[in-house]
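Chain by chain, the residues run as shown.
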Amino acid sequence: MELRKTHIYQYHAEHGNVVDFGGFAMPVWYEGIMAEHKAVREACGIFDTSHMGRVIAEGPDVVKFLDYVDTNDISSLTDGKGIYGNMCKPDGGIVDDLIVYRLSAEKFLVVYNAGNRSKDFAWLQKNTKGFKVKLTDMSDRVGMIAIQGPSAVDVLAKISATNPSTIERFNIAPLTISGFECLAARTGYTGEDGFEVFILDDPVATPTKSPRVWNDLVAAGAKPCGLGARDSLRLEAGLWLYGNDIDETTNPIEAGLKWVVKMKKPSYFNGRKALEGIIEKGVTRTLLGIQLMERGIPRHGYEVYDGEKKIGVVTSGGVAPTLGESIALAYLPPEYKEPGKEVQIKIRTNLVKGKIVKHHPFYDETKYGWKRVKA
Amino acid sequence: MTDETKIESGLLYTGEHEWAKPGEVVTIGISDYAQAQLHEIVYVELPKKDANVAQGEAIGAVESVKAVSDFYSPVTGTVVEVNEALLNNPEKINSDPYGDGWIAKVKPSNWDANAVKLMDAEKYKQHLTTLKH
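Residue numbers (the numbering used here), protein chains in the order written: chain H, 112 to 486; chain V, -15 to 117.
No lab work stands behind these hints: they were computed from the structure.
Bear in mind that the values here come from a model prediction, so they are computed numbers and not experimental data.
Among the hints, erroneous ones may be present.
Calculated pairs, DSS-like style, for lysine-lysine (alpha carbon to alpha carbon, straight line, at most 25 Å) [to be verified]: (1) H:K192 with H:K149; (2) H:K457 with V:K5; (3) V:K32 with H:K457; (4) H:K149 with V:K76; (5) H:K420 with H:K452; (6) V:K50 with H:K464; (7) V:K50 with H:K457; (8) H:K448 with H:K420; (9) H:K464 with V:K33; (10) H:K469 with V:K50; (11) H:K478 with H:K457; (12) H:K230 with H:K116; (13) V:K50 with H:K116; (14) V:K109 with H:K149; (15) H:K373 with H:K230; (16) H:K375 with H:K240; (17) H:K466 with V:K50; (18) H:K464 with V:K32.
Work out the full structure: start from the sequences and follow the hints.
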């Protein structure tokens, strides 16, 4: 099967190491994961995120509809505000995680994972029943680039008509970039300050604007980054990867996402009853961070032990280039949540010692991440 | 395979891209092709010294940020030395896969039987051309 190409594909083919990522031809790295990771923690890196799902939801019932499918409080949003949340099945299992932005009172932008594009659109469509709302999949008509790192705002400012520094975290606003009409959101998936920009009216079959914005960003000093660095950066930040750390068999409560489940919002939402039950009964497992104390690299699927007893499985793991350590996320019984508690991860035939550490993020926030930028 | 892929003559190769340098003690490692495929190697799990190993047995692993590649012994015998320098500098496998990036030295117990199952440089080159990447 031929791989789907994004708006920036031509650049990837010429400069990157391209692989099949969920049916899309995407770069794992250009120069190398380590250098790209470092660029984002220390300066500015850019990622092609045009493979993600982007849907416009509009109509008189759009708020009610989104509050029905999303665990977070959509009615709390004012124009230009975005919010991270989950979509759950009635049993509380996570269909996907997503960001919803209010563009105007009856028009919202919904952004979700690339690998779930068809599933999510069908899920949203199915749930529109009874609501006056219209969904339009914009994914193939809009380009998307993430600009991330402590100097992201300066790099983006160089090629924008107005200064993007006025856009606050999790806000979205129109911005003219490289002369083109775009929307710029102050969000990302790296733990750093930065933007996710939507390049409007740029069909994926004949993209002209998005490649131009990409090239202008590179010329302005941004380092092109592939999916490898995207994964190592989000892991260090303790951000959930759908398909690894969360999926339809996990719920937001055990995943450490209770903060996006708003039981106090007035309306019913998918999964509410099940999640209330889970909160009342207490979880049997919870997503925790582990740092290895011996050599080795934990990977998705490796088993976690306490002595002889198997206590869980690694959902994401790898080297943390910023920390110079090996780290992992794993679902473990809640009694293991105390930082410093020792566990072992089975790496091939060896049980390698690790300890529980805080994981959202794994790094010191006074040194890395978006919070230090303002400090 | 790219034009820059180095294949050292005098070594014998496995289909999984390990090499063996014949001698009283056989030095083993991974090929230039293998290191290039992995890219940035960040960790090596070395074979255990004094272990008896069999040709084709997984005796260690070489890991990049994204991938794990098992290391299969190209030779049957006893591990007499391992390259401990790789523990702190695994990137030596990237920079010098046939030299400083060697992984272990094995005293062979039946080298002739092992050798017939390995490819010489010319055959290994042919083998690489049959691979997609």
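**25 Å limit on alpha-carbon distance, applied to hinted pair H:K466 and V:K50** = holds, 23 Å
**Item:** Agreement of V:K50 and H:K464 with the hint, judged by alpha carbon distance not exceeding 25 Å
**Value:** OK: V:K50 and H:K464 at ~21 Å, within 25 Å.
**Prompt:** Are H:K464 and V:K33 close enough, with their CA atoms no more than 25 Å apart?
**Reply:** Measuring from Cα to Cα gives roughly 22 Å; hence the hint holds.
**Prompt:** Straight-line Cα separation of H:K469 and V:K50 no greater than 25 Å?
**Reply:** Given that 25 Å is the threshold and the Cα spacing comes to 23 Å, the pair holds.
**Message:** Does H:K116 sit within 25 Å of V:K50, going by the straight-line distance between their CA atoms?
**Reply:** With a Cα-Cα distance of about 22 Å, the restraint between V:K50 and H:K116 holds, given a limit of 25 Å.
**Prompt:** Are H:K192 and H:K149 close enough, with their CA atoms no more than 25 Å apart?
**Reply:** violated, 30 Å
**Prompt:** Are H:K420 and H:K452 close enough, with their CA atoms no more than 25 Å apart?
**Reply:** holds, 15 Å
**Prompt:** Are the Cα atoms of H:K375 and H:K240 separated by 25 Å or less?
**Reply:** holds, 24 Å
**Prompt:** Would the pair H:K373 and H:K230 pass a check requiring their Cα atoms to be no farther apart than 25 Å?
**Reply:** This hinted pair holds, its Cα atoms lying about 24 Å apart.
**Message:** With the threshold set at 25 Å, check whether the alpha-carbon distance from H:K448 to H:K420 stays at or below it.
**Reply:** With a Cα-Cα distance of about 17 Å, the restraint between H:K448 and H:K420 holds, given a limit of 25 Å.
**Prompt:** Are H:K464 and V:K32 close enough, with their CA atoms no more than 25 Å apart?
**Reply:** holds, 19 Å
**Prompt:** Are the Cα positions of H:K478 and H:K457 separated by 25 Å at most?
**Reply:** violated, 31 Å
Going through the hint list in order, the structure does not satisfy hints 1, 2, 11 and 14.
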